[in-house]
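*Asks:* Sequence:
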Amino acid sequence: MSIVPFYSKFFSRLIGRHWLARSGLVLLLVVALVPSAAASDERYPPRVQVFVANSGSNSVTVYDTRFGQVVATVPVGPGPVGVGAAPGTDRVFVTNEKADTVSVINARTYEVVATVPVGKHPFGVAATPTHAYVTNFGSDSVTVFNVANNKPVREIPVGRFPHTPAVSPDGKLVFVTNNGGQNVTVIDTDDNKPIGTIPVGLYPAGVAFSPDGERAYVANTGSNTVTVIDVDRGKPVETTDVGRAPIGVSVTPGGRVHVANALVDTVSVLGPSGDPAGPQVPVGDQPEGVAAAPDNSFVFVTNAKGNSMSVIDAVTAAVLGTVPVGNEPEGIAVTS
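Here the sequence shown is numbered in full-length UniProt numbering, starting from 1 and rising by one per residue.
Please keep in mind that the hints were generated in silico from the structure rather than gathered at the bench.
Mixed in with the good hints there might be a few duds.
Below, in silico cross-link-like pairs of lysine to aspartate or glutamate (EDC-like), each with a Cα-Cα straight-line distance of 16 Å or less [to be verified]: (1) K120 to D90; (2) K172 to D190; (3) K120 to D170; (4) K172 to D232; (5) K305 to D285; (6) K120 to D100; (7) K120 to D140; (8) K172 to E214; (9) K172 to D140; (10) K193 to D241; (11) K172 to D191; (12) K172 to D188; (13) K193 to E155; (14) K151 to D100.
Quick list of the computed label-pair ranges, beta carbon to beta carbon [what the hints assert, rightly or not]: (15) N327 to I195: 23 to 31 Å; (16) N327 to F67: 20 to 28 Å; (17) K151 to R244: 38 to 46 Å; (18) A148 to P169: 17 to 25 Å; (19) N106 to P324: 21 to 29 Å; (20) R108 to P199: 24 to 32 Å; (21) G278 to N192: 35 to 43 Å; (22) E111 to P78: 12 to 20 Å.
We put the beta carbon where it would ideally sit given N, CA and C, even for glycine.
Input sequences plus hints: build the corresponding full structure.
*Replies:* Shown next as structure tokens:
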């Protein structure tokens, strides 16, 4: 067995996790959902909800930031890993890695309203207002399905062990990290076809765009680095050292990049250029997922071995609290 599949498939075992690839975490997506009546009333704070995939509990924890508490636990399929949502809708998508399916959750009622068949070992999911993109780690492909009727419409071949998808802010591109290929596949959402690849570091995992869409940031789990990509040029322009085993990546509306370092229990904070913006932030045991609130208030981090979620101030990087969730939380998405 070559070193790439060995690392990708058994990295988690080396750090005390179960068997299938955990060398990174799915894209941690921030989207806007249809506002509720309360959210549109100035007497109420914005409704910001956090959805956490608990791979060890076969469930999704829903945390409401207005109340500062968990408001629901939603049963899903076996081995939930990634979470994403379609902008402008009330749908949240959860990849069930052990069932080769995606659960579709109504973000208002907290009910599973559909189950979508996809490829082998689905890992990450991201969405435009019309389509969801699911990385199939075991199929070297991305399944595309229509979010209106939950019907698969295309399977796109990508690189080896596709890990995390991210949709650009304008919805025109999807970046897919190929964990076994040291590159990112670029997909054009107009025709849902790959249009190029971009070289990055070893075992790329999480990926996220800057708010203006000019930069993308890729966590290289095997290199302990983050690659900064110039999106228009389709080329890497900077490589920054972070902590050991970086996995999840998220960017705040203010442009600060947060990277979860799984083997040192910290989050690295970078500026828009990719340069360090301060010391690493200590969080819980084995941080993997990161997601930023749409109002630049908080950053949320899943701690896979701690069965918890850390809440970080998006401006000061101070840890404000820890929220208990399910077992082995990984993927995370913030909606409003």
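*Asks:* So which hints don't hold here, by number, going up?
*Replies:* Hints 1, 3, 9, 10, 15, 20 contradicted; others consistent.
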